[in-house]
Amino acid sequence: SQKIEQNSEALNIQEGKTATLTCNYTNYSPAYLQWYRQDPGRGPVFLLLIRENEKEKRKERLKVTFDTTLKQSLFHITASQPADSATYLCARDNFNKFYFGSGTKLNVKP
Amino acid sequence: NAGVTQTPKFQVLKTGQSMTLQCAQDMNHNSMYWYRQDPGMGLRLIYYSASEGTTDKGEVPNGYNVSRLNKREFSLRLESAAPSQTSVYFCASSETVTNTEAFFGQGTRLTVV
Numbered sequence: 005s006q007k008i009e010q011n012s013e014a015l016n017i018q019e020g021k022t023a024t025l026t027c028n029y030t031n032y033s034p035a036y037l038q039w040y041r042q043d044p045g046r047g048p049v050f051l052l053l054i055r056e057n058e059k060e061k062r063k064e065r066l067k068v069t070f071d072t073t074l075k076q077s078l079f080h081i082t083a084s085q086p087a088d089s090a091t092y093l094c095a096r097d098n099f100n101k102f103y104f105g106s107g108t109k110l111n112v113k114p
Numbered sequence: 851n852a853g854v855t856q857t858p859k860f861q862v863l864k865t866g867q868s869m870t871l872q873c874a875q876d877m878n879h880n881s882m883y884w885y886r887q888d889p890g891m892g893l894r895l896i897y898y899s900a901s902e903g904t905t906d907k908g909e910v911p912n913g914y915n916v917s918r919l920n921k922r923e924f925s926l927r928l929e930s931a932a933p934s935q936t937s938v939y940f941c942a943s944s945e946t947v948t949n950t951e952a953f954f955g956q957g958t959r960l961t962v963v
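From first to last, the protein sequence lines stand for chains C and P.
If you use the numbering used here, the first sequence corresponds to residues 5 to 114, in order.
If you use the numbering used here, the second sequence corresponds to residues 851 to 963, in order.
Simulated from the structure, these hints should not be mistaken for lab results.
Just to be clear, a hint being listed does not mean it is correct.
Straight-line C-alpha distance at most 25 Å; calculated SDA-like pairs for lysine to any residue [what the hints assert, rightly or not]:
#1 C:Lys-101 with P:Val-910
#2 C:Lys-63 with P:Val-910
#3 C:Lys-63 with C:Leu-53
Stretch by stretch, here's where chain P covers chain C in the computed footprint (C-beta under 8 Å, at least three residues) [claimed, not checked]:
#4 41 to 52
#5 96 to 109
Positions of the beta carbon are idealized from the N, C-alpha and C atoms, including for glycine.
In isolation and in its complexed conformation, chain C is listed as follows:
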């Protein structure tokens, strides 16, 4: 099966710092990876999509990279704020389906 692995340990950082979350995948490279944000009691919300042939994608304070050699995607939030505290999910495509990782909880302390 095509697995997506994210660090299950929470990431605690200080406000203003850059948060970096990791998503590793197994087997063949997906055509694209997606990142979502999930707040407690709510459904995931789409943030960014990066295709296999794109090395980097940016949106405001968010940046995603896609390294097919390392089989890894990194998700960065610059100038983090307490409002960025949430669980972040990575998802990959696999033959007409999305598969999600278990998510990494980010805590941004003021």
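With the hints as your guide, set chain P onto chain C.
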């Protein structure tokens, strides 16, 4: 714009009871999905419908059935609920199955006692 609407939001069932979770989207999306989310397990795909008239199994289909009633609606049925099906269920939709973002409903918290 409602997006993806799921009903009910909460449900308690006794073991062996049946129920149907309803999902509707108003974005004219072709593809719809049902996921379950358990602590530490992330989102696991139960069934999906790539387009109206088609349904396929995901990672964890056992104990569930689905119906793509029309382009807007995709329901999930538990025929004989078991405690192992206690979970939060999310419906999602996307324009197509590939290369597009998914929009999620607010979830249904189901407890089977």
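Structure-based check of all given hints:
With a CA separation close to 13 Å, the supplied pair C:Lys-101 and P:Val-910 stays within the 25 Å bound. Under the criterion of a C-alpha separation no larger than 25 Å, the hint pairing C:Lys-63 with P:Val-910 is inconsistent with the structure, at around 34 Å. Between C:Lys-63 and C:Leu-53 the alpha-carbon distance is near 10 Å, which keeps this suggested pair within the 25 Å criterion. Under the rule that three or more residues need a Cβ within less than 8 Å of chain P, the assignment of the stretch 41 to 52 of chain C holds, with 6 such residues.
Using a Cβ-Cβ cut-off of 8 Å, 9 residues of the stretch 96 to 109 of chain C lie near chain P, which meets the minimum of three, so the contact claim holds.
Taken one by one, the earlier hints fail for this structure only at number 2.
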